[in-house]
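Student: Mapping the sequence shown onto the working numbering, position 139 (from 1) lands on 139, and the numbers just tick up by one.
Since the hints were derived computationally from the structure, they do not count as laboratory data. It is possible that part of the hints are untrue.
Listed next, the in silico EDC-like pairs over lysine to aspartate or glutamate satisfying Cα-Cα at most 20 angstroms (straight line) [what the hints assert, rightly or not]:
id, residue 1, residue 2
1, K153, E220
2, K299, D150
3, K287, D179
4, K25, D83
5, K189, D177
6, K108, D179
7, K81, E175
8, K32, E84
9, K108, D63
10, K287, E198
11, K187, D283
12, K98, E48
13, K299, D283
14, K121, E48
15, K157, E48
16, K131, D36
17, K81, E48
18, K189, E175
19, K187, E164
20, K108, E42
21, K81, E117
All figures in this text were calculated on a predicted structure; none of them were measured in a lab.
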Amino acid sequence: MFRLPEWAKKREELKLPYIERVWRKAFAKSEKKYIDSVSFSESVLNTEKRGERVVFSLTSFPDRIDGVHYAVKSLMLQSFKADEIILWLSAEQFPDGKIPESLSSLEKYGLTVRFREGDLKSHKKYFYAFKEFPDCVIITFDDDIIYGRDVVKRLWKKHLQFPESIVADSARLMELDSDGNVIPYIKWKRVSSVGVNEPSLKLMALTGSGCLYPPGIMPESTFDIGLCRELAFSADDLWMKYNELLYGIPVIKAYKNHRIFITADCAERASLSNINWDEGGNDKTVKKLFSRSPELIEKLK
1 MFRLPEWAKK REELKLPYIE RVWRKAFAKS EKKYIDSVSF SESVLNTEKR
51 GERVVFSLTS FPDRIDGVHY AVKSLMLQSF KADEIILWLS AEQFPDGKIP
101 ESLSSLEKYG LTVRFREGDL KSHKKYFYAF KEFPDCVIIT FDDDIIYGRD
151 VVKRLWKKHL QFPESIVADS ARLMELDSDG NVIPYIKWKR VSSVGVNEPS
201 LKLMALTGSG CLYPPGIMPE STFDIGLCRE LAFSADDLWM KYNELLYGIP
251 VIKAYKNHRI FITADCAERA SLSNINWDEG GNDKTVKKLF SRSPELIEKL
301 K
């Protein structure tokens with residue numbers, strides 16, 4: 001089955017609303033057909049010796065679980081292989097421990113599914129991996145994206161250049177207005193030269209687009225779930241950025257522009273982005289975070 005080459009996919013800075021919808025639908029159909037055609041005969045995990053172990057980490061929930069295999073298989077097809085691929089699920093949401101056969105069939109080829117008590121929402125994608133694999137490189141992903149085969153390769157290449165920085169395949173630029181306030185979230189640019197050639201504190205990494213965290217880089221405050229619930233429980237990207245600013249941890253982008261990711265149909269049924277974007281939830285979260293730590297504004301100047 002033919003897979004669309006990366007150059008054929010729309011560049012991120014091109015905004016043609018109607019055509020974009022048509023492209024997305026066509027690309028999604030093609031990519032899903034390709035993923036469906038792929039089968040494995042052996043483990044897809046890394047077998048080579050590397051200086052650092054690499055863990056791919058993602059999470060999901062019941063409304064999306066039927067389509068998660070598209071994301072997982074695209075991670076299994078990466079040109080740069082993982083040492084572990086882990087899907088974290090809430091035991092509260094999956095009380096019988098059952099998952100679709102489309103996922104369980106991948107366990108023999110490298111997928112590990114782990115259930116944890118409670119529900120940390122999207123924070124599950126990083127929280128448990130950081131705790132249980134403190135000496136590993138953690139790369140976080142979303143459950144509704146079909147990833148191009150070289151996403152991790154790009155992240156790894158930049159990681160070798162900047163081992164003390166978080167590496168994001170996609171990020172938003174946090175800027176201030178003339179009054180020194182953070183501009184509305186909808187105006188945070190995704191296409192910018194900032195943070196491409198050198199790390200920047202002004203970039204907020206999009207954790208689901210493919211985001212690499214060096215071992216132990218995040219501070220202990222990241223795991224304060226009580227405070228997280230109070231300030232940013234529905235916005236893991238912003239929670240991570242808040243903690244990065246607290247401790248001066250910079251972000252660097254893999255490169256200026258990346259091809260858009262092809263999302264699976266399950267993304268249309270349920271997504272935190274509907275709340276965070278359409279209903280202004282991100283702006284409310286930003287206000288709460290900077291109200292708690294107003295001194296962080298200085299780090300964005």
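Student: Please write out, lowest number first, the hints stated earlier that are contradicted by the structure.
Tutor: Those not satisfied are hints 1, 2, 4, 6, 7, 8, 9, 10, 12, 14, 16, 19 and 21.
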